[in-house]
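In order, the protein sequence lines correspond to chains A and B. With UniProt numbering as the guide, the letters of the first sequence map in order to residues 1 to 482. With UniProt numbering as the guide, the letters of the second sequence map in order to residues 1 to 482.
Heads up, a few of these hints could be off.
Because identical chains cannot be distinguished in the list, a pair is counted as satisfied if it fits within a single copy or across any two copies.
With a cut-off of at most 30 Å between alpha-carbon atoms, the simulated DSS-like pairs for lysine-lysine come out as follows [as the list claims (entries may be wrong)]:
no. : residue 1 : residue 2
1   : K335      : K269
2   : K422      : K101
3   : K2        : K316
4   : K2        : K265
5   : K390      : K363
6   : K78       : K60
7   : K5        : K269
8   : K198      : K188
9   : K188      : K172
Treat the hints as calculated values from the structure; they're not laboratory data. Being a predicted model, the structure only gives us computed values, none of them experimental.
Protein chains: 2
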Amino acid sequence: MKHTKVIDLLNNTKTLQEVTAKGWVRSFRNNQFIALNDGSTINNIQCVVDFENTSEETLKRITTSAAVSVTGTLIESKGKGQSVEIQVTKLEILGDSDPEKYPIQLRNRPSLEFLREQAHLRVRTNAFSAIMRVRSTLSFAVHQYFQENGFFYVNTPIITGSDAEGAGEMFKVTALPFDGTPRTEEGKVNYKEDFFGKETNLTVSGQLEGETYAMALGQIYTFGPTFRAENSNTSRHLAEFWMIEPEVAFNDLDANMDLAEDFIKYVIKYTLEKCEDDLKFLESRLLEEEKSKPQAERSEMSLLEKLKFVLENNFKRVSYTEAIDILKNSTPNKKKKFNYIIEEWGADLQSEHERFLVEKHFKCPVILFDYPANIKAFYMRLNENTEPGKETVRAMDILFPGIGEIVGGSQREERLDVLVEKMKALGIEEEELWWYLDTRRFGSAVHSGFGLGFERLVLFVTGMTNIRDVIPFPRTPQNAEF
Amino acid sequence: MKHTKVIDLLNNTKTLQEVTAKGWVRSFRNNQFIALNDGSTINNIQCVVDFENTSEETLKRITTSAAVSVTGTLIESKGKGQSVEIQVTKLEILGDSDPEKYPIQLRNRPSLEFLREQAHLRVRTNAFSAIMRVRSTLSFAVHQYFQENGFFYVNTPIITGSDAEGAGEMFKVTALPFDGTPRTEEGKVNYKEDFFGKETNLTVSGQLEGETYAMALGQIYTFGPTFRAENSNTSRHLAEFWMIEPEVAFNDLDANMDLAEDFIKYVIKYTLEKCEDDLKFLESRLLEEEKSKPQAERSEMSLLEKLKFVLENNFKRVSYTEAIDILKNSTPNKKKKFNYIIEEWGADLQSEHERFLVEKHFKCPVILFDYPANIKAFYMRLNENTEPGKETVRAMDILFPGIGEIVGGSQREERLDVLVEKMKALGIEEEELWWYLDTRRFGSAVHSGFGLGFERLVLFVTGMTNIRDVIPFPRTPQNAEF
Numbered sequence: 001m002k003h004t005k006v007i008d009l010l011n012n013t014k015t016l017q018e019v020t021a022k023g024w025v026r027s028f029r030n031n032q033f034i035a036l037n038d039g040s041t042i043n044n045i046q047c048v049v050d051f052e053n054t055s056e057e058t059l060k061r062i063t064t065s066a067a068v069s070v071t072g073t074l075i076e077s078k079g080k081g082q083s084v085e086i087q088v089t090k091l092e093i094l095g096d097s098d099p100e101k102y103p104i105q106l107r108n109r110p111s112l113e114f115l116r117e118q119a120h121l122r123v124r125t126n127a128f129s130a131i132m133r134v135r136s137t138l139s140f141a142v143h144q145y146f147q148e149n150g151f152f153y154v155n156t157p158i159i160t161g162s163d164a165e166g167a168g169e170m171f172k173v174t175a176l177p178f179d180g181t182p183r184t185e186e187g188k189v190n191y192k193e194d195f196f197g198k199e200t201n202l203t204v205s206g207q208l209e210g211e212t213y214a215m216a217l218g219q220i221y222t223f224g225p226t227f228r229a230e231n232s233n234t235s236r237h238l239a240e241f242w243m244i245e246p247e248v249a250f251n252d253l254d255a256n257m258d259l260a261e262d263f264i265k266y267v268i269k270y271t272l273e274k275c276e277d278d279l280k281f282l283e284s285r286l287l288e289e290e291k292s293k294p295q296a297e298r299s300e301m302s303l304l305e306k307l308k309f310v311l312e313n314n315f316k317r318v319s320y321t322e323a324i325d326i327l328k329n330s331t332p333n334k335k336k337k338f339n340y341i342i343e344e345w346g347a348d349l350q351s352e353h354e355r356f357l358v359e360k361h362f363k364c365p366v367i368l369f370d371y372p373a374n375i376k377a378f379y380m381r382l383n384e385n386t387e388p389g390k391e392t393v394r395a396m397d398i399l400f401p402g403i404g405e406i407v408g409g410s411q412r413e414e415r416l417d418v419l420v421e422k423m424k425a426l427g428i429e430e431e432e433l434w435w436y437l438d439t440r441r442f443g444s445a446v447h448s449g450f451g452l453g454f455e456r457l458v459l460f461v462t463g464m465t466n467i468r469d470v471i472p473f474p475r476t477p478q479n480a481e482f
Numbered sequence: 001m002k003h004t005k006v007i008d009l010l011n012n013t014k015t016l017q018e019v020t021a022k023g024w025v026r027s028f029r030n031n032q033f034i035a036l037n038d039g040s041t042i043n044n045i046q047c048v049v050d051f052e053n054t055s056e057e058t059l060k061r062i063t064t065s066a067a068v069s070v071t072g073t074l075i076e077s078k079g080k081g082q083s084v085e086i087q088v089t090k091l092e093i094l095g096d097s098d099p100e101k102y103p104i105q106l107r108n109r110p111s112l113e114f115l116r117e118q119a120h121l122r123v124r125t126n127a128f129s130a131i132m133r134v135r136s137t138l139s140f141a142v143h144q145y146f147q148e149n150g151f152f153y154v155n156t157p158i159i160t161g162s163d164a165e166g167a168g169e170m171f172k173v174t175a176l177p178f179d180g181t182p183r184t185e186e187g188k189v190n191y192k193e194d195f196f197g198k199e200t201n202l203t204v205s206g207q208l209e210g211e212t213y214a215m216a217l218g219q220i221y222t223f224g225p226t227f228r229a230e231n232s233n234t235s236r237h238l239a240e241f242w243m244i245e246p247e248v249a250f251n252d253l254d255a256n257m258d259l260a261e262d263f264i265k266y267v268i269k270y271t272l273e274k275c276e277d278d279l280k281f282l283e284s285r286l287l288e289e290e291k292s293k294p295q296a297e298r299s300e301m302s303l304l305e306k307l308k309f310v311l312e313n314n315f316k317r318v319s320y321t322e323a324i325d326i327l328k329n330s331t332p333n334k335k336k337k338f339n340y341i342i343e344e345w346g347a348d349l350q351s352e353h354e355r356f357l358v359e360k361h362f363k364c365p366v367i368l369f370d371y372p373a374n375i376k377a378f379y380m381r382l383n384e385n386t387e388p389g390k391e392t393v394r395a396m397d398i399l400f401p402g403i404g405e406i407v408g409g410s411q412r413e414e415r416l417d418v419l420v421e422k423m424k425a426l427g428i429e430e431e432e433l434w435w436y437l438d439t440r441r442f443g444s445a446v447h448s449g450f451g452l453g454f455e456r457l458v459l460f461v462t463g464m465t466n467i468r469d470v471i472p473f474p475r476t477p478q479n480a481e482f
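Okay, chain A solo, but in the shape it has when bound (with noise of 0.2 Å):
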């Protein structure tokens, strides 16, 4: 008989109805109550087997991670926590799973630096399937934020020609060999023989596609892999990882800040409605987690309440130039507890400042605002009207509490004359760029843009503290397995 879904048959208030149920075996109690997980939800379904009619070969083969298929009467359940429960009347053995070999045995606590190494089963375990099917439902909440608002997904390339994206590192995409790999005469690797015919590398950014995109189409997002090679084995560092990038034509800065607040809102309430059976789990497991920890260092709300607490309240915006005043007079930067002490406008802000400014200074999300030109890139509006040495540029930074930097965007600089003379002086080719300057050539407009880091999103809704927790296989220094 067909099956019906674990998440269909615990909403099913029809009882007393045969049913079949197929899935995993989460544990096997007594002999005789399986909870039985299929992934549709993080919830169990009981399934009573009738031990005394069942022999006992069957009996030793319900094991952690087996797959089975039960069949029987759907009947209201006696235990806790749980409405119905399925009275077994057949039971049948999909797929063994050898207690010996199967590497996750909870009774064994493991870590979950043990279950990175396992990244194909370690979305077995309750923890993971909640994390990733958060993960499943923030991707979606974003695209339908972004379609319901009009705005329309582009998919920018990923293997690029262009290498003057300048957001760091980049990998070498390549079909040529390192043996005997084509030379021109004066002796360089002939990139002409390669596939694409030039250097190619894998992408940093959508933006420089997103704008072209945004100054046809009005709005725009992009939402895909973009790459980091670069060496930093941290929690919240990968070599891929998954972009958002919305642009949109005649938005100023002030605009631009407003989307982003409003997106960020957005996905996280729709997540907290769909996800609530999820969310409790995790922020059970991160209380549970944080016991071990010293008070001072434990979370001061449980995920739940930081999640609508960031709902119900503004992000606080405040220029850079406050933000300094502020961290000046701090007492970490008089005390000298900063690492990189700040003594003057100009500085470039550390992670060390920000979380002070987040999470002692304003305890809330915050919007930094109007940075030091020459601490930012290329395309950012120049400010009008500033003192010299002090020129600024229409950048904003979002901060969030235990995550950092979640977003970085910016109003583009729209003027022609002032792009190029930035490229100029930062040594970046006209030539290299000559379809981006077109859209600055042809029906140049204000416009504006931010990139979030998805995983940086899954981090702080989850309650996940290290960023390998929260992609399905993760990829790092030393690390691309599976």
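Knowing the structure of chain A, use the given hints to seat chain B on it.
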């Protein structure tokens, strides 16, 4: 004043109010009528300029693709094909577009080929803006279908250390230099020194990783970029394209075919409803294009008729064995009109055979299934009880008129011993795919999935004929511009 999007102005029946619109000039007629477009819809809003009170200099700057802001009164239009227009009281040129330099002049009837070289600007034309809006809507329909049906979105890795996917030639991803490449003592490239500590490539499919997630979350799908380093300079191949790969635990091949057919019909229906104006435009574009073709080569159905036909008819399900019989007895086979004459069971079908089945014989989408084992991939489920030498696997391909193969899928081999034997026969290292085999070692079960090349779907829905015209920045041999 805040501007209103063109799509909202055109749907606005509250006339006589003051409005502002911003966008790009599509055309300027009689020194008076601006057709203004902002990308929100294929339709322009007519802006009537008070030319007697506008300087000659300003009027001259109203050129194709110039960005302008107009403020004025929204009034009922007397013109044909538009309900409202703007009686302009204030006009501002935001960004000029020098008509001597702007590359896309419609009076020159730019070819699709020329426009490909202007991929950053072609989206400002009616045809490409329509295509890209349809593409965006189709993308969202994909996500919505799966999410509504309880599938979870999974981001499988783009950079892969696994070279056993076997779906085609791969691009190398590396941070090693061609000059002074680190070498082992034996003189081989020392990939231990590379970023990931091993040889890595761009993925050709997320299926194998997707399967591991399906065996935990039950129903999953991927939707991301995939790559082929094949020198195929055709109108149907890209080096970088987007693929959708659902995978479902406990689904057999029949359920897999049901899913694929239901999915395709859903996304087409959704797009027909949401993109009526764009599809009507593309339909007329196609009609226009086909006028230059001899009668015999023109489509029998208009674009919208074709799309509705797919919705209203069942896909014809035909076994490979039946298909071979049909082909063997077909007129083109007997008259030796095929380039590859079908002589016996076991032959691999060429695109000419697929086209005959779909376009001449069945005249509808066709699902071919149960292919000979030795022309299909190692992970496909071997059928039981077949004659020796006539082993088949539970594979299916969906063939579409004008497009050819749009879906390739299968029930997966869930039996560890059969799978291992198959891999051995093909020389695929077990150690290479230890994690994939784990899904068969621990809680294995029947499961199935398929891959759908997204650009082929966009081709079908938009009626375009070259795959380079349905992705923003196509990547093909010798081409990675932008």
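Going through the hints against the structure:
In this assembly of identical chains, the alpha carbons of K335 and K269 never lie at most 30 Å apart, being 40 Å within a copy and 65 Å across copies at closest. Proximity of K422 to K101 under the C-alpha cut-off of 30 Å is restricted to the inter-copy arrangement: shortest distance 23 Å between copies versus 61 Å within a copy. Taking identical chains as interchangeable, the C-alpha atoms of K2 and K316 lie at most 30 Å apart only when they sit on different chains, with a minimum of 24 Å there against 53 Å within one chain. In this assembly of identical chains, the alpha carbons of K2 and K265 lie at most 30 Å apart only when taken from different copies (23 Å versus 40 Å within one copy).
For a Cα distance limit of 30 Å, the shortest separation of K390 from K363 inside one copy, 29 Å, qualifies, whereas the shortest one across copies, 70 Å, does not. In the homo-oligomer, the alpha carbons of K78 and K60 lie at most 30 Å apart inside one protomer (26 Å), although the nearest pairing across protomers, at 82 Å, exceeds that limit. With identical chains, the CA atoms of K5 and K269 are at most 30 Å apart both within one copy (26 Å) and between copies (27 Å). In this homomeric assembly, K198 and K188 come within 30 Å of each other (Cα to Cα) both inside a single copy, at 13 Å, and across copies, at 25 Å.
Taking the shortest Cα distances, K188 and K172 sit within 30 Å of each other both inside one copy (16 Å) and across copies (19 Å).
Figure legend: structure checked against the earlier numbered hints; the only hint not met is number 1.
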